[in-house]
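Q: One letter stands for each residue in the lines below.
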Amino acid sequence: MAKELWKGNEAIAEAAVRAGLEAYFGYPITPQTEVLEYLAKRMPELGRAFVQAESELGAINMVYGAACTGVRVMSSSSSPGMSLMMEGISYIAGTEVPAVLVNVMRGGPGLGNIAPAQGDYNQAVHGGGHGDYQAIVLAPASVQEAIDLTVLSFDLAEKYRAICMVILDGCVGQMMEPAEMPEMRPVRREDWDWNTDGKMGKRERRILSSIYIDPVEEEKTNLRLLNRWRTIQANEVRYKEYFLDDAEIVIVGFGTAGRVALSAVREARAQGIKVGLLRPITVSPFPYEVLDQLSGRVDAFLVTEMNSGQMLEDVRLAVKGRVPVEFYGRLGGVVPFPDEILNEIHRMVKVKLSADVHPRDAWLERMAHA
Amino acid sequence: MQKEIIISGFGGQGVLFAGQVIAYAAMDSGKQVTWIPSYGPEMRGGTANCTVVIADQEIGSPLVEHPPLAIALNLPSFDKYEAMMQTGGTLIVNKSMVDRASKRNDIQAIMIPCNEIAEEIGDKKLTNMVAAGALLSALPEVSLQMIEAALKAHLPARHQHLLPKNYEALRRGFEFAKAQVQ
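Residue numbers (this note's numbering), protein chains in the order written: chain E, 1 to 370; chain A, 1001 to 1182.
Be careful, since some hints might not be right.
[Said to hold, decoys possible] List time: in silico DSSO-like cross-link candidates among lysine-lysine, alpha-carbon distance up to 27 Å:
1. LYS1152/A to LYS41/E
2. LYS199/E to LYS159/E
3. LYS3/E to LYS1152/A
4. LYS1095/A to LYS1178/A
If you're looking for bench data, these hints aren't it; they were derived computationally from the structure.
Produce the complete structure using the sequences and hints provided.
A: Below, the structure written as structure tokens:
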């Protein structure tokens, strides 16, 4: 299929349709609204379900109900709307039903603004909803990746009966790039052994719930989720490498921060600086292992994010203090320019780096004197 | 090769569409391209801009601080982007909406009466295409033929009857800019 110029949000919507999305429930919020707008037209054309719910709470609970029937279901929102969905997300996780959720992140906290940001990393990767659960979280940096990862998210959610979130920032949502859509997959109704789609007198009754009154049963459920998560960690880590072979400095950044860093890396390479880029695609499960290996052979890391250093903590866990980890972030909806990251690379080449100071403190100190 | 372009003006002047047309032409000729709009809480009459990046390889940042190429369709855009241009860059200025000359002598500011040219062709809404044509004089990677083919290929059927006037606007802008540079 030929490449077309797709806007990120609309590309995600069409990719979901082609992956066999049968039901979408959502509520408008900038910079995500085009997902909902596109599906409002597209889903009825195909005889599939589209509901603009009364609120994000309504939408996520409709997702929960539809997910229990075993069909492919999705919702999308942006930061404040995702926060409203967190209770339902925890219930979906506790019930062990597959669902796909898209968060086109904007500046926060609170109402914040509608500019591109990555401040919901911790919410997506390290919790959000209550209780012991983890979600698979994918972070596209381009429109093509947004398409590919949306399709993948349905497969992963079903494979592990888990929540799969696609987190992107307003940049990727609003940007147009040439991209190729996958072929339209037929809608499949899998014969799962768990879904509640009507027993029709053919099988035993099934009950789906997140209630385990007996703590021992709840503990068993928690352990089942944990063991499933270990399988996901072992099998589903994805990342993209750029110029890592001979790199002495490695930048780590996801989504837009990662692709902005790529421009800086190319510029630094042109100046003869041996710098590479690791762009996590699954931020959960996090690519600890490759960072662990890199820690043994590179001089330093630089983490770049459009937040105050949320993924930074995961990089530090992987590096274990063996080499300095530096940080550069922009907050509140500000997108860094490549020159800002290039300046950091130049500084790291010139200055003797220390692993003793927390990189966030050192970065704040530099910002105060800039 | 990588070229960054910022196109800016009032909402309603066709700024975003002009960027898309250039992006389509770049895509159709096998280049990598990104198009990203300003998407703040703008309304009609407010300012709008978009950034287009064209490259041979995977594009990193879709935004640029100091563009080598820009179009300013009104005075606020001229004021803003004139200061931000890369040294040696080319800025296409809609002279119809601007009452001053460029303050910089290290960039090439091409002053072109886009509104008047569009009106001569018979449609005020062609201002953006006149400016896009002028920009092509400084963007050899995208030819007039490529952009005309892109317009034809991507304009919906109900708008295809507008093609001849769009072609004329592009050509008039292109020729005006070339004449001014010489």
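Q: Does each hint fit the structure? Answer for all of them.
A: Quick rundown of the hints versus the structure:
Restraint check for LYS1152/A and LYS41/E: satisfied, since their Cα atoms lie roughly 26 Å apart, inside the 27 Å limit. For the hint pairing LYS199/E with LYS159/E, the CA-to-CA distance comes to about 22 Å; that is within 27 Å, so the pair holds. Between the alpha carbons of LYS3/E and LYS1152/A the distance comes to roughly 17 Å, so the proposed pair stays at or under 27 Å and holds. Among the hinted pairs, LYS1095/A with LYS1178/A is consistent with the structure: their alpha-carbon atoms are about 16 Å apart, no more than 27 Å.
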